[in-house]
Amino acid sequence: MTEKEPAAISTRAIEIIVALMLLSVAVLVIYDSKRIGAGWAADGPEAGYFPFYIGALLGVASIWILLQAMLQKTSPVFVAPDRFQRVLAVFIPTALYIATIYFIGIYLASAFFLALFMRRHGKFGWRKMLAVSVLVPGILFLLFEVWFLVPLPKGPLENLFGY
Amino acid sequence: MEEFSNLLHGFAIALTWQNLMFMFVGILLGVLIGVLPGLGGANGVAILLPLTFSMPPTSAIIMLSCIYWGALFGGAITSILFNIPGEPWSVATTFDGYPMAQQGRAGEALTAAFTSSFVGALFAVIVITFLAPLVARFALRFGPAEFFAVQLLTFCSFVGLARSAPAKTIAAMMLGFALASVGLDTVTGTLRMTFGSTELLRGFDFLIAVIGLFGIGEILLTMEEGLAFKGVRARINPKVVLHTWAQLPKYWMTALRGTLIGCWMGITPGGATPASFMSYGVAKRLSRDGHKFGTGQIEGVIAPETAAHAAGTSALLPMLTLGIPGSPTAAVLLGGLLIWGLQPGPLLFVEQKDFVWGLIASMYLANIVGLAIVLTTVPWWAAILRVPFSIIAPIIVVICSVGAFTVHNALFDVALMLVFGVVGYLFKKLDYPLAPMVLALVLGDLAESSFRQAMLLSQGSMTIFWANGLVGGIVALALLMLVWPLLSGFLAKFRRGGDAHLANERPIE
Amino acid sequence: MFIKLITTLGAAALIALSSAPAYAWEPTKSVEFVVPAGTGGGADQMARLIQGMIIKHDLMKQPMVVVNKSGGAGAEGFLDVKGAKGNPHKIIITLSNLFTTPLATGVPFNWTDLTPVAMLALDEFVLWVNADSPYKSAKDYLDAVKAGDDNQFKMAGTGSKQEDHIITVALGKAAGKKLTYVPFKGGGDVAVQLVGGHVNSTVNNPIEAVAHWRAGKLRPLCVFDDKPLPYKTRVTDTMAWSDIPTCRQSGIDVDYLMLRGIFMAPGVTPEQVNYYVDLFRRVRALPEWQEFMEKGAFNPTFLVGNEYSDWARKAEGTHKSLMQEAGFIAK
Chain A
235 MTEKEPAAIS
245 TRAIEIIVAL
255 MLLSVAVLVI
265 YDSKRIGAGW
275 AADGPEAGYF
285 PFYIGALLGV
295 ASIWILLQAM
305 LQKTSPVFVA
315 PDRFQRVLAV
325 FIPTALYIAT
335 IYFIGIYLAS
345 AFFLALFMRR
355 HGKFGWRKML
365 AVSVLVPGIL
375 FLLFEVWFLV
385 PLPKGPLENL
395 FGY
Chain B
-6 MEEFSNLLHG
4 FAIALTWQNL
14 MFMFVGILLG
24 VLIGVLPGLG
34 GANGVAILLP
44 LTFSMPPTSA
54 IIMLSCIYWG
64 ALFGGAITSI
74 LFNIPGEPWS
84 VATTFDGYPM
94 AQQGRAGEAL
104 TAAFTSSFVG
114 ALFAVIVITF
124 LAPLVARFAL
134 RFGPAEFFAV
144 QLLTFCSFVG
154 LARSAPAKTI
164 AAMMLGFALA
174 SVGLDTVTGT
184 LRMTFGSTEL
194 LRGFDFLIAV
204 IGLFGIGEIL
214 LTMEEGLAFK
224 GVRARINPKV
234 VLHTWAQLPK
244 YWMTALRGTL
254 IGCWMGITPG
264 GATPASFMSY
274 GVAKRLSRDG
284 HKFGTGQIEG
294 VIAPETAAHA
304 AGTSALLPML
314 TLGIPGSPTA
324 AVLLGGLLIW
334 GLQPGPLLFV
344 EQKDFVWGLI
354 ASMYLANIVG
364 LAIVLTTVPW
374 WAAILRVPFS
384 IIAPIIVVIC
394 SVGAFTVHNA
404 LFDVALMLVF
414 GVVGYLFKKL
424 DYPLAPMVLA
434 LVLGDLAESS
444 FRQAMLLSQG
454 SMTIFWANGL
464 VGGIVALALL
474 MLVWPLLSGF
484 LAKFRRGGDA
494 HLANERPIE
Chain C
115 MFIKLITTLG
125 AAALIALSSA
135 PAYAWEPTKS
145 VEFVVPAGTG
155 GGADQMARLI
165 QGMIIKHDLM
175 KQPMVVVNKS
185 GGAGAEGFLD
195 VKGAKGNPHK
205 IIITLSNLFT
215 TPLATGVPFN
225 WTDLTPVAML
235 ALDEFVLWVN
245 ADSPYKSAKD
255 YLDAVKAGDD
265 NQFKMAGTGS
275 KQEDHIITVA
285 LGKAAGKKLT
295 YVPFKGGGDV
305 AVQLVGGHVN
315 STVNNPIEAV
325 AHWRAGKLRP
335 LCVFDDKPLP
345 YKTRVTDTMA
355 WSDIPTCRQS
365 GIDVDYLMLR
375 GIFMAPGVTP
385 EQVNYYVDLF
395 RRVRALPEWQ
405 EFMEKGAFNP
415 TFLVGNEYSD
425 WARKAEGTHK
435 SLMQEAGFIA
445 K
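Residue numbers (the numbering used here), protein chains in the order written: chain A, 235 to 397; chain B, -6 to 502; chain C, 115 to 445.
Do not take every clue at face value.
Selected chain A positions facing chain C (Cβ under 10 Å, derived; list incomplete) [as the list claims (entries may be wrong)]:
| id | residue |
| --- | --- |
| 1 | V380 |
| 2 | L383 |
| 3 | Y397 |
Cβ-Cβ distance ranges computed for the label pairs, FRET-style [claimed, not checked]:
| id | chain 1 | residue 1 | chain 2 | residue 2 | range |
| --- | --- | --- | --- | --- | --- |
| 4 | C | D367 | B | T9 | 55 to 61 Å |
| 5 | B | T456 | C | G365 | 33 to 39 Å |
| 6 | B | G465 | A | R269 | 35 to 41 Å |
These are computed hints drawn from the structure, not numbers from a lab. The structure displayed is predicted, hence computed values, not measured ones. Note that beta-carbon positions come from the ideal geometry of N, C-alpha and C, so glycine has one too.
Use the sequences and the hints to build the structure in full.
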């Protein structure tokens, strides 16, 4: 997300970014609570009463964290580049996987995802790879669509077979 | 004793080959549903409910309630193995169960979880058998003020001194509360923080958050360490069950406390999830090894599991006697009763003796059958950790995605799960505590609406929270729990002459 | 013309054989049955009962799948069906939130965005008090409310700015005093709050409170309908549903019935609508349905086509004026 560069990033930088994000959440919460009424009416608190104070406390806490992080002199490395690469190696395919579900449905996307992941990180042979990447979505399909009658996201391929 | 003869009669009804088979099938399905995150007991029972219409009501409810027991057992499995709570009530089980698995003690943790589930359920069934009318009257005394007091107690008994910086604990907790308030406000019917988005209408579900924070977050963290689960070198000993059993009796006090908390929370009805958190918090407070909780203590598994299962089981009592569901799953079962033409309520025990006692007898049998089934699978589950990470990791991602989808049938939730995964990763690395956030997310909504309902009843007067002995007592207990760490630290200081060990308190996540 | 002939033939075949008739259109894949409410509620129960009956009596070749979309007081479910333009494999069961949700929250949809299929039943509302309370009739209670202060009497109900809340405000208007309304999650909780004595009255649906009535914990005062309920079988030792007077007779000039009906996505063909109309006709004819109607003291009115649309249009108008008076319309 915010940490795309593979260079070593200091913990302090991440602390600051996270604190700023929390602060923006706090501002959003306070803004919306004000809109719907954050007072104490005759018969108890209004809809925005609790969220308002939650937002306020979140704001105070995030500013506190922000100041602490900024005042820090030295800061350890948040994550070493090689380690971060490994995190990205699972994060990016997962994000792509979820994005493809929107287009081709969860079964096909899962098959591709399983196959690619196994191939890349496990160096498995074709046979093992195919077995897992066909079996897992297949079992899920039987379980959800056929037995439990729970519709999962499907794409053009499933439509072709009348699902 | 009339109950006793009724129970024997119930066994006669439940113990047919056909019903035993339904029990067996139900438990297996339930474990499966429990293992799959997202597809919880309530969904599972709702899905299978229509399929049971052609069965006699007693057999149908035996099978459906067995799905529920199975889900209660099954929820612990993925919590312990992969840090992914299969069910909301097994979140607290991850706190110590997962560290145990990382140390190669997965089999031990699973055995402890299953056995304590069984103990909790058994106790709850005994309560149902002999104390049903009494207990039903107790549940009637709970109005909004009392519910709020219980939620306060849950919170106070869990949130205490953690190692994390106070600012971070507060930030995490408030973030949880803020997320909980998104969506429709039940008291005034206005939309909060949806900003005109359709996707935000359903709010942030607790399950989506925990699947992301714990499950996906954990995979990201594990990847950083290299392509392996830590528990992989665990030797699988088929005798692990017996070894674990040998050390369980030591913790009878923890189990008893958990069971009592669970029964109370199931009957009032507070639900299995708050019960498991409360039990964990209380165990941490009162145990001699409390400061070691979170590092793989077997007590940290026993406490939430006994409470969750006791609560889940006793939740059926208010459903049968009053028609109020003590848990989401009980709500669906309640719908089932109505569909079969049975009227839950005070007269059910009088008019439908066969049905009620058949069901109660089946609870005893099903939990024994369930324990036997899940215990025999312990070595298999532990063996999953030996599957190479590069196969199991993508499968976990797929199952988490399916789970996140099935909670509300929404694709947006799957994307949300990934965002929560990133948040979980960042928070873990920056030492924000996750547990207060998760608890705030699960309790925030409930506590706020009970509080405001109470305020409506009292027309804005706070005195309602000490208006009678019951509510006042629970509030006082909650405050006591909140200051307990200070108090016990003070006592220890007094006793040992200034050797404060509060600084060594471990975080609870 | 040809289509009409086929439907006529189909109807004839139905009468003759009462087995699967030939339809002008039939589902080609599983049908999603959307419930704009959570699992375990009244609409969910009805949907799953229908699903179970269809399975048991083999009324459909393709499976029917119940999907709960309860977000934003059901808005999520309605928007989902509204967005599925021309999709004949999606139907939705509605409750009053079809009218109340867009008015109260401002979420952009209207019942005219959907295609009406059939009204299955109407759910009744009954005014209940605790059996230990001194109020023997609706008039007693109304007099007590009149004599008391504003907000002295407390009413529990399901949800906010929805059916129970609307009736409460209307009742308060009839008495000339404000009633305090306390919203809860489900009808079961509401009934128990009344049994426990935490509130003074409720307007539970019959099915939600009947068990407590039979156990002698609650007392029905009147039904919010223009005529008494038709069910004459004794429910308690002394009373049947038909013995409950109407609220009108007691001087409370309030009628309210809740829709339990089926809608489809916009842009579907008449043949597709007819398939479902016929399906629900057959569901209604089954003994399980009759039994369910009687257990829950439903008003078993069945409407289709224009009659159904007219009813919905009228109901929308009623809701609008009631909610306007109560100040429930979103700004």
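Quick rundown of the hints versus the structure:
Among the interface hints, the one on V380(A) holds; its C-beta lies about 9 Å from the nearest C-beta in chain C, closer than the 10 Å criterion. A least Cβ separation of about 5 Å between L383(A) and chain C falls short of the 10 Å threshold, and the interface hint therefore holds. The restraint placing Y397(A) at the interface with chain C holds, with a minimum CB-CB distance near 6 Å, inside the 10 Å limit. Between D367(C) and T9(B) the CB atoms are about 56 Å apart, so this pair conforms to the stated range of 55 to 61 Å.
The hinted window of 33 to 39 Å between T456(B) and G365(C) holds, with their beta carbons roughly 36 Å apart. For G465(B) and R269(A), the Cβ-Cβ distance of about 37 Å falls inside the hinted range of 35 to 41 Å, so the restraint holds.
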